[in-house]
Every structure is written in structure tokens, then in C-alpha cells.
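Between the sequences and the hints, there should be enough to build the whole structure, so can you do that?
Heads up, the sequence shown is in this note's numbering, so the first residue is 1 and it goes up one at a time.
Any given hint could be a false lead.
[As the list claims (entries may be wrong)] With a straight-line Cα cutoff of 27 Å, these simulated DSSO-like cross-link-like pairs (lysine-lysine) come out:
id : residue 1 : residue 2
1  : Lys400    : Lys381
2  : Lys113    : Lys381
3  : Lys484    : Lys381
4  : Lys207    : Lys231
Bear in mind the hints are in silico, worked out from the structure with no lab data behind them.
Here the structure is a predicted model, which is why all the values come from computation and not from measurement.
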Amino acid sequence: MKLYNDKARLLKTMKWKSEAPLTGITFAIENLEVELQTPVPMEDFESKTCFEPGYSPPGTSSNLTPIAANSTYVAPRSFYAPPEKKEKPPGPLYDPNADGALVLTPPNEAHQKKHNTKNLPVVPVVVDPMLARFLRPHQREGIQFMYESVMGMRNREQHGCILADEMGLATLQTIALVWTLLRQNPYYSSSGSAASVIGKALINWRKEFVKWLGRDRLKVFVGDKDKNNIKQFMHSRIHHVLIIGYEKLRTVIDDLTYCTPPIGLIVCDEGHRLKSAQAKTTKMFEALRRTPRRIILSGTPIQNDLGEFHAMADFCNPGMLEEYSRFRKIYETPILKSRSPEASAKDIELGAARATQLNELAKSFVLRRTADILTNYLPPKTEYVLFVQPTALQLSVFQKILRPDHVQDLVHGPTARSLALITTLTKICNSPIMLAKPDKGAGAEDGKTTRTLVQEALGLLPPGAAPDDITLSGKLIALAALLKQLRQTTEEKCILVSHYTSTLNIVEAYCRSMHYTYGRLDGSTAVTKRQQLVDEFNQARQPKK
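Here you go:
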């Protein structure tokens, strides 16, 4: 058997071992699949007529009608039917009856009348169980408070609040609220919005979002680059949270007014940056006046300057405390006057009444908790105060500096000179070698006598004393013994804290000489590297001994 293609070219010759070939038989030869169809006369094969286009063997006819060419363009996408949209019945995203479920406050009739003008189904808003299982009671309370505030449930005319928890207590609460508002609404709807978190520790905020929600569930955009980079967020369909610093926000805030979807929530970390209604940081938010849902994360606003408190309150809930001039007349002046030593009984009574009234107003939009609420969740803290005997060198230097006649002059001299002497004595306590390098700015307040005595005291130091010489100080001797014990007998890490960078310099030099692994974080450390140092410290393991 010989096989030819439609060009009369011989493809293959093979032996046919079975019966004579019949029409309709199908068989395979290597990578070819062959089907025998109609027999043709030998003369047509030899003349190659059978290979011509449109050839039909004698005695056969085709019942097929040629298909007319259609010049009309048909879009490929019309070949497929659109996917059927399965309408999901209105209902909560998560089970509100599950164990440990955090169900946020439902809207009352007045709220529905004002905000549910389309008569949408009212559904429970349930915090994601993945987050809810980690929430402690005070965090659940904080999320409820912020949710009620930004949704206008605490006061129909207010959509902002101040979460005045101490440092580190507000992060998870804020993330849980943002995640909930991005995905759920008490009035069943598919409309979306974006959120903006404004602060200084941008990388830390991003790490916290990733820590609690992962990288894929919520895309977070860090606006730490140029203006064109921010425009990517404005039209992005996958990024719903923008983390940006105050300085960078000032350059792009006008563009963010055209963000799609629009920004529906503003969270301002480090709320003290909004301390003045006339400050540039505060005034720039006028461009986002269409975003009424605003949250400030701050420290103790009600205990600070009342002018700052008014500025923050007016940022969250514009007009609630009226104009600053009237606020100052009604609250600030009487309260401050009542605290004056010369205040009369009437002034004290009026000030107390106005302070009580202001506190009651603040309760509607300010939630304040201290770190004491974590007492039940943290291991017991044990504090030791260790009294260390100074070295003989330190005692000699003290005697040189604290001459009776010098001390008597300080008692009757200016206060600044006495404070300068206290700083000098603190240096001696840490290490006498710190006297060798005077502080920047030291000068007239030290006094000529003090400077002379310090120079005399430096003569008591051993020749060639090095910064890492721990034998000069009783405190450093004790510290060195403690570090050695921790290094040799435990796997513990140690954090050393000092008010003086000069003391840190000495400790750093000693750790380097002992080949201890260490990291240093102080005021000179770049903000962008601080979180990296903290992470490295937390993840590092003590090297093998």
C-alpha cells in the first residue's frame, strides 16, 4: 500500500497484511491517522486527475451545498455566551451566630431613614473571624466604638472619632475596622471605597497589614515615591489602602480627590500633627472635605493643650465644638483660670463645671485606654533596682568636683549652673572617661570653676584610658558581669537603654571588643532603618558559644 498526500507526493509504502481495503476503515501509521474513503479509477490516479481540487470520482455525487462566504465581521467574543450571574441572596458575609463572632452595632430606624434611601436589605456586619479570634475585650470595644462613630450611629451629625489609646494598642483595631468597612455594609450593596492611613511609620503599618491579612487578601499601596507613583493607586482596581506620610500627602492631596473608587475613610496616626487649625498639615485636608469618615490615633488629647484638642476634634467632626474663639471663651479660659494659684472659689467652681461638660462632650467621640488594660494578658513584670558601689577612681573624681566651697557657690548661683553640675555627676556615675568629651552646647552655664575642676579630675584618669575600659566604672563592671552571665548560661537577648548617647558609645565599644553581636538604635538612626533593626533583633538567635 502506498500513501500519497493531496499534492501527489508519496508519503509512505507499507505492506497490507489483512483483507482487501474497504471503504470506511480507519488505521494509524506512526503519527498519521488514515481513513479510507471512495475508490477512484486507475486512469484518474495515473493522470493525477484525482489530486485536482474539487475532484469527484465517477458515479458519486455530493449532497453538500457550498457555504456562501459571509463578509460580515463576527467578534470572537460572541462565540461564547456571557457567564450567568448568580445573584447571591442578601445576607452577612460571615456567620453572626458563630462562637466568638464580633457582630457590629446594627443601624436603628433613624439611621436607616437617613442613610438607606434605596431601601436596601439590612444585614449584620460581622468582623472577619480570622481577626476576631485574636481580639481581646478592649479591642472589640474599640472596633465597636470606631464603627459606630464613622457610620454616624453615635451622633447622626458626626462621622469621626479619636482613639486615644496608648502607643501600640490601636493598630490591630484599625486594621480590623478598615478590612470590615472595605468588604461590608449594613445596607447590602456591592459599592466599594478606598481607605487612607496617614502616618510616619509607613513600613511598620504595611508590615502590620501583611501580618494580619496576608499579602493577597488586601493589597496595600505605600505612597513613599513620586507623584506619578501615587496616580497608580488612584486608578488601581486591586489596591484599596494607601499608606502615606504627612509630607508626601501635602504634594498629592489635590490629585487624591479624583481617586476611583473615592476615599471613604481617613485614619491619621500621630494625631498631634493636627494640633492647630491653622497648621499646614490640618489645612491641607480641606481638599478631602467630601470624606467625612475620619479617625485620629493619638495619645492623651484631653490632657494636653485644649487648643490642640479643639483642632483635633474639629478635624474629626467639623463644627462640633464651634469656632475656636467661642470654644476658648466657654471652655479653655475658665478651665485654665481655675488651675491658677490665684484662682478664686468661683473660678474653681466654674472651671470644674466646664471641664466636666467638656469631658461629657468628648465621650461621644473620644475613647481613651491606657496600657493597664493589658495587665491580665502579660506575664508578671519584675523590677530590680541594683545599687552598685563606685570604683575608687569615681570616688576620687566626685571628691574633686564636689569641693565644699564649689557646692556653696552653686547653692547661691543660677539654677542652670546647678543643672549642669548634675549632668556632670551623672557622667561620672556612668564612667569618668565621659568627662574627656564635653557635651555640645556646654559653656557659660557650666561655670569657670566647674570647668577647672573637671580638668583637674581628668588628671586622675589612668594614662591611655580607653572608652571600652569597664574597670573605670562600678556600673560598667556590673553590666559586664551581667552580660557575660547571660551570654554563657542563657539564650536570652538583652536591651540596654540609656539617656545618653555617650554612654551608648562606651557600651558599644565594649560589646565590639568582646565580639558580642549587637545592634544600635538611637536618634541618629534613619527612620527607614529602625523597623529593620527591630525585626533583625527579634529574629536573630544567639550565636553558638
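Are the Cα positions of Lys400 and Lys381 separated by 27 Å at most?
40 Å, violated
Checking one constraint from the list: CA of Lys484 to CA of Lys381, max 27 Å. Satisfied?
23 Å, holds
Does the structure keep Lys207 and Lys231 at a Cα separation of 27 Å or less?
The given pair, whose Cα atoms are some 22 Å apart, holds under the 27 Å limit.
Is Lys113 within 27 Å of Lys381, Cα to Cα?
52 Å, violated
Comparing the model with each numbered hint stated earlier shows that hints 1, 2 do not hold.
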